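K.L.:
Spelled out from the first residue to the last, the chains are:
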Amino acid sequence: MNILVCNCGSSSLKYRLLTMPEENEISSGEAQRIGPVTSEPARIVHREGDRETVHPMDLATHQQAFHEILSLLAKGGKRPDALGHRVVHGGRLFEQPAVITPTVFEALRQVRELAPLHNPPAIDLIEECQTRYASLPQVAVFDTAFHTTIPEHARQYALPLDLVQELNIRKYGFHGTSHQYVAEEAAKMAGIPMAEFNAVSCHLGSGGASLCAISKGRSIENTMGYTPLQGLVMSTRCGDLDPAIVMKLLSLYSGDMDRIEDVLNRRSGVLGLSGASADIRDILGNWDAATSRNNRFQKTLQIYLWRIRKYLGAYLTLAGPVQAIIFTDTIGENVSLVRSVVCANQNYFGVCLDEKSNRELKQLPGDISQAGSPVRILVVATNEELAIARQVFRTLSLNNEVKH
Amino acid sequence: MNIMTLNLISSRVHYHFFPSGHFESQWSGCMENAHGFEDWRIGLAELRQRTQNGGHTTEAIGVRLVHGGSTFRNPWLVTAETEVELQSLSAEAPLHIPATIELIRAIRETYCNVPLFLFFETSFFADMPERECHYALDVNSLGMPNLRRYGYHGLFHEAACAMARDCSHKQGFCFPERCLSICLETRPEIVAVDGIQPVMVSSGTTPLEGLPGQTTAGELDAGIVMKLVRKKKWGPEQINHALTMESGLSGIAGRPVRLDEVLESDDPSLRLARDVFRHRLLLACGSGIAVLGGLDAIIFSGRYAPSAHYLGPWLQERLKRAYQGRSELVIHEYTLSHGIDRILADQIRWRPILNS
Amino acid sequence: MYELLRMKNSGLRKDVMAFTQELIDTPSPSMGEKDVADKVAKQMDVLGYHHVYRDEVGNVIGVIHGYEQNNTLLLNSHMDTYQAGEHHPMRVEGNRIYGTGASDCKGGLASQIFAGALLLRSLLPLRGTLVVTASVAEENGAGIGVRTLMDQTLPEMGLRPDYAILGEPTNLGLYYGHDGWMEMDIKVQGADPFQVDNAARRIYRSYEDRTKHTSSQVNEVEIHDPVFPRESEGRVAVLRVAKRMQIADQAQQILTKTERDVQLLTQPGSSVDVSVGVSREQQISYAGQEMQVQRITNAWATDPFDPLIDRSRQVLAAAGSPSCPGKWQLDRLGMGTAGATLLNEYNIPTIGYGPGHEERAHRSDEWVDGEHVVQGVYGTAAIAHGLIGFPVCGWTTDDI
Chain A
1 MNILVCNCGS SSLKYRLLTM PEENEISSGE AQRIGPVTSE PARIVHREGD
51 RETVHPMDLA THQQAFHEIL SLLAKGGKRP DALGHRVVHG GRLFEQPAVI
101 TPTVFEALRQ VRELAPLHNP PAIDLIEECQ TRYASLPQVA VFDTAFHTTI
151 PEHARQYALP LDLVQELNIR KYGFHGTSHQ YVAEEAAKMA GIPMAEFNAV
201 SCHLGSGGAS LCAISKGRSI ENTMGYTPLQ GLVMSTRCGD LDPAIVMKLL
251 SLYSGDMDRI EDVLNRRSGV LGLSGASADI RDILGNWDAA TSRNNRFQKT
301 LQIYLWRIRK YLGAYLTLAG PVQAIIFTDT IGENVSLVRS VVCANQNYFG
351 VCLDEKSNRE LKQLPGDISQ AGSPVRILVV ATNEELAIAR QVFRTLSLNN
401 EVKH
Chain B
405 MNIMTLNLIS SRVHYHFFPS GHFESQWSGC MENAHGFEDW RIGLAELRQR
455 TQNGGHTTEA IGVRLVHGGS TFRNPWLVTA ETEVELQSLS AEAPLHIPAT
505 IELIRAIRET YCNVPLFLFF ETSFFADMPE RECHYALDVN SLGMPNLRRY
555 GYHGLFHEAA CAMARDCSHK QGFCFPERCL SICLETRPEI VAVDGIQPVM
605 VSSGTTPLEG LPGQTTAGEL DAGIVMKLVR KKKWGPEQIN HALTMESGLS
655 GIAGRPVRLD EVLESDDPSL RLARDVFRHR LLLACGSGIA VLGGLDAIIF
705 SGRYAPSAHY LGPWLQERLK RAYQGRSELV IHEYTLSHGI DRILADQIRW
755 RPILNS
Chain C
761 MYELLRMKNS GLRKDVMAFT QELIDTPSPS MGEKDVADKV AKQMDVLGYH
811 HVYRDEVGNV IGVIHGYEQN NTLLLNSHMD TYQAGEHHPM RVEGNRIYGT
861 GASDCKGGLA SQIFAGALLL RSLLPLRGTL VVTASVAEEN GAGIGVRTLM
911 DQTLPEMGLR PDYAILGEPT NLGLYYGHDG WMEMDIKVQG ADPFQVDNAA
961 RRIYRSYEDR TKHTSSQVNE VEIHDPVFPR ESEGRVAVLR VAKRMQIADQ
1011 AQQILTKTER DVQLLTQPGS SVDVSVGVSR EQQISYAGQE MQVQRITNAW
1061 ATDPFDPLID RSRQVLAAAG SPSCPGKWQL DRLGMGTAGA TLLNEYNIPT
1111 IGYGPGHEER AHRSDEWVDG EHVVQGVYGT AAIAHGLIGF PVCGWTTDDI
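Protein chains in written order, with our numbering: chain A, 1 to 404; chain B, 405 to 760; chain C, 761 to 1160.
Worth flagging that the hints you see were computed from the coordinates, not collected in a lab. Keep in mind it's a predicted model, so treat the numbers as computed, not measured. Heads up, some of the hints might be wrong.
As the list claims (entries may be wrong) - In silico lysine-lysine, DSS-like type, Cα no more than 27 angstroms apart, as pairs:
| hint | chain 1 | residue 1 | chain 2 | residue 2 |
| --- | --- | --- | --- | --- |
| 1 | C | Lys1017 | C | Lys947 |
| 2 | B | Lys724 | B | Lys574 |
| 3 | C | Lys1087 | B | Lys637 |
| 4 | C | Lys1087 | B | Lys636 |
| 5 | A | Lys171 | B | Lys635 |
| 6 | A | Lys188 | A | Lys78 |
| 7 | B | Lys637 | A | Lys171 |
| 8 | B | Lys636 | A | Lys171 |
| 9 | A | Lys14 | A | Lys78 |
| 10 | A | Lys171 | B | Lys631 |
| 11 | A | Lys14 | A | Lys75 |
| 12 | A | Lys299 | A | Lys14 |
| 13 | A | Lys216 | B | Lys637 |
| 14 | B | Lys635 | C | Lys947 |
| 15 | C | Lys774 | C | Lys794 |
| 16 | A | Lys216 | A | Lys171 |
| 17 | A | Lys216 | A | Lys188 |
| 18 | C | Lys799 | C | Lys774 |
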């Protein structure tokens, strides 16, 4: 069956059409700059096989973009048999992928505001598909679902009970689809059944980043928390912070929350530290300059790496003894220095990185640990769309909705 | 040397007197209902009289301060300039520093010729590496150029590590190079010490960050604080109250609890609080091992240090489980049972040795 | 932190009570505030204000400096009282302190003066500057005291307030404004004294009817009997009319409209001239300053979204003394606050927070609850700390 996976960003819609269970990609692409007209026009970059075509057009909403994508697919004679939607935040209501029914859709509305940038476009698109393509089965796959196995004592914040209940405050964790996918791939590589696989997965993206401790194939801890703000130093997000700092800012800015949110979400992290770029690769590119001249770059890099290392140690202890450390996403897959620095001097945990294979890693997935290292260090390309397609297929099979 | 130590807690002055030749305080107490310069002056005069009646003269005084920024080192001999230097730190610890300045004034007036030493909880952390001290913020554009991380139980950690070195020497072990120092106080704190230098600490720019305390929340997602503002329309004062007075282990348990009670009791209603604490501590220990590149010793201190009896074995078991190194793993464990006053007195006593 | 404030405040309680009684016991009609001013200045000195100053019209200014100079909070209360008949001496019944000006606003004045003292006693460091002012000539002078403060005194001292809190009676609610009022003199003038009399009487009747028929409890118009000043030529009658003004009302429009209305009331063809103007008075302050006073108070309302209101509400909630925003009713015209001057003319966000009830003001049995004044000290200090103090974030008074 052909499954079309939709991944709604705040102003983009990534899609991929896959045949399942063969896992062959038929076509993929991305609708960019959806929304009000900006200086650069909206467009759809569409790929089929090796052929990439660009289609500039006005795309006011995600729904409109979706129709255009369907017609692009139809021109190539392709049509989906089922739809998979990535929904960032499923709150406490969704612990599994969910086949969309009117009841499920009502529940989706309730989690709409939990991720104010990402959830609304995805949920709006689901609603549209439900009315216009009612015959297509739809499945929502949640980024938070993988983390619902985080045990109570790890997801509990030390806050007053009434407050926790009133606002549903708990660690939700994010990037679940990616962590789950790379963990499954890594388990396969290591030849260990997922249910016996202990690992630390490092999803180091150019934007967001998180680490996940995996025990017996299940997520038991994630660096992100109630929101994606907590944890590692990210491109423009500050990560861990003394809560008193937020209070001080509140007092300093006379309660101007928009400004504080902007500062912590969009002006901190690598950008705030370096004052130059939100991409750690730019800072790394200037590594020589950083070591000698630009003290701020040097500091940025140190803080960025130090935080990953601290969390890596914490999760190696928590999930220990682990069988693998997994690196994925833009930074994790492409920047050897990050991998080598955070893995250095971790003999305690049995982590022995092979510098040469790390430096010369060309093809993914790859193993960059020394022979005989108790912990394998694996670099795996994440493929969230495929992970979603798998979950959609699995969910529909369970629901007996797969037409052979 | 006859030593008096004074400790200002919730605007009450606690005093301990260590006559020459005694390692433990021989008498101690607290000035009740004394809430300011005038009261303290009167109380100190009485104290002085009491010492004299006992046939002693006070030869040195030690006062503990929670915050000394990065400038003050231990012990700090008070001079005429000290007050002004301290004042510049008032904003960092607004509840403590101005009050202690008043106390220092009262002491200097009462004991005008007795050397007065200040001991700062933060001094131990003054030279911590930048990568540990800094948040991922653009501090200059935020208007907080001095924002950095400190620890707030430096005196305990320093004394505990010294004790561990001493013990290991006596026992004929190697110098414990890589230590995790865990201070079990109402606001617990863990420090990773490399040699004699702290390289990681759980506390933040205030003692709120880090491990959950008896009533303090510890580490939180900043998004939660923002949620409280948006949903509850709270201001910083209300949030501060909730996070420092109603949270932590007591918040989880739903009633006021003490740290030792949580760590030692089998009460099912305290299980979640205990598990949360242990979980956070374990994560911090793991981070510590990662930054130290290994582990030689775990050292407990603080008023609830006896709870190490329960906590230590569990922690060792979990840390050993994660170990996959080649040689056999030995983690030494030490417990410092001294109170903070003994630590101050020791520091004064050993000062000539330390200085030489 | 609030526990600390509460504890220190209970230590100040006796002094607050005594000083409130002393203030109420000292008569201070507008332009006769000297005795009270002396006491205020002395008390500020005793309490340890860093700087106490008296300006040329007789305002008393107490300053507490913070570590930085970038924020200034003005606390203002007036020292003068509205005299309904003779001065009522101070007497104490239980917690109640009776006497002229008890509610309006000597209780508030005492609260504000001691709020500064409470902050000093608590040793909580301030970021900005706290300026506590006791002004003259509010009840009678329509803001002359405050104007002098804002135009001369504070600028000369290098102070520019960012926010202001009035100690007027709000029953410890947070009030952000009130309607205004204006007193107009309707001058009827003509060669024929009988025609002038008739016209004046007609106008008087017409306004008298209007006041009788207002359905609400709140007076919209108030009139005073005509007076007949002697003038060299012809006959002149002057009626004084007070009128409520809403935020949007312009004084000039009201004057024009009133003039048109009254002209219609004079008999057509009569040789009577009618003119309407804002009432004016010549006054001499206790410090000997002569001044021309217009009997007008503008409506004002601080933007309900101004951080001042939100922050004050949050602080009081945190301090365990929650308070709802509201407005003064001003059910008797002739009352007003300095808010109109501070907000409308100097653009300073202003709120009211003080002990006592508005409805008790200007009455012969005026009283204030002493406990309320003590509570006001705490609340005012808490708000002041929230606005210009170093935030106490992450710390508690407990040992760490």
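K.L.:
Take the hints in turn and mark each one as holding or not.
P.N.:
Evaluation of the provided hints:
1. C:Lys1017 - C:Lys947: Measuring from Cα to Cα gives roughly 15 angstroms; hence the hint holds.
2. B:Lys724 - B:Lys574: Measuring from Cα to Cα gives roughly 25 angstroms; hence the hint holds.
3. C:Lys1087 - B:Lys637: holds (21 angstroms)
4. C:Lys1087 - B:Lys636: holds (24 angstroms)
5. A:Lys171 - B:Lys635: holds (18 angstroms)
6. A:Lys188 - A:Lys78: Violated, because 31 angstroms separates the two Cα atoms, which is more than 27 angstroms.
7. B:Lys637 - A:Lys171: The hint holds at about 22 angstroms.
8. B:Lys636 - A:Lys171: Status holds; Cα separation ~19 angstroms.
9. A:Lys14 - A:Lys78: At roughly 17 angstroms apart (the allowed maximum being 27 angstroms), Lys78 (chain A) and Lys14 (chain A) satisfy the hint.
10. A:Lys171 - B:Lys631: holds (14 angstroms)
11. A:Lys14 - A:Lys75: The hint holds at about 19 angstroms.
12. A:Lys299 - A:Lys14: Roughly 35 angstroms between the alpha carbons, so the hint for Lys299 (chain A) and Lys14 (chain A) is violated.
13. A:Lys216 - B:Lys637: Violated, at roughly 42 angstroms.
14. B:Lys635 - C:Lys947: Distance ~58 angstroms between Lys635 (chain B) and Lys947 (chain C) Cα, so the pair is violated.
15. C:Lys774 - C:Lys794: holds (25 angstroms)
16. A:Lys216 - A:Lys171: It holds: about 20 angstroms lies between the C-alpha atoms, which stays within 27 angstroms.
17. A:Lys216 - A:Lys188: holds (14 angstroms)
18. C:Lys799 - C:Lys774: holds (17 angstroms)
The structure fails hints 6, 12, 13 and 14 (numbered hints given earlier, in ascending order).
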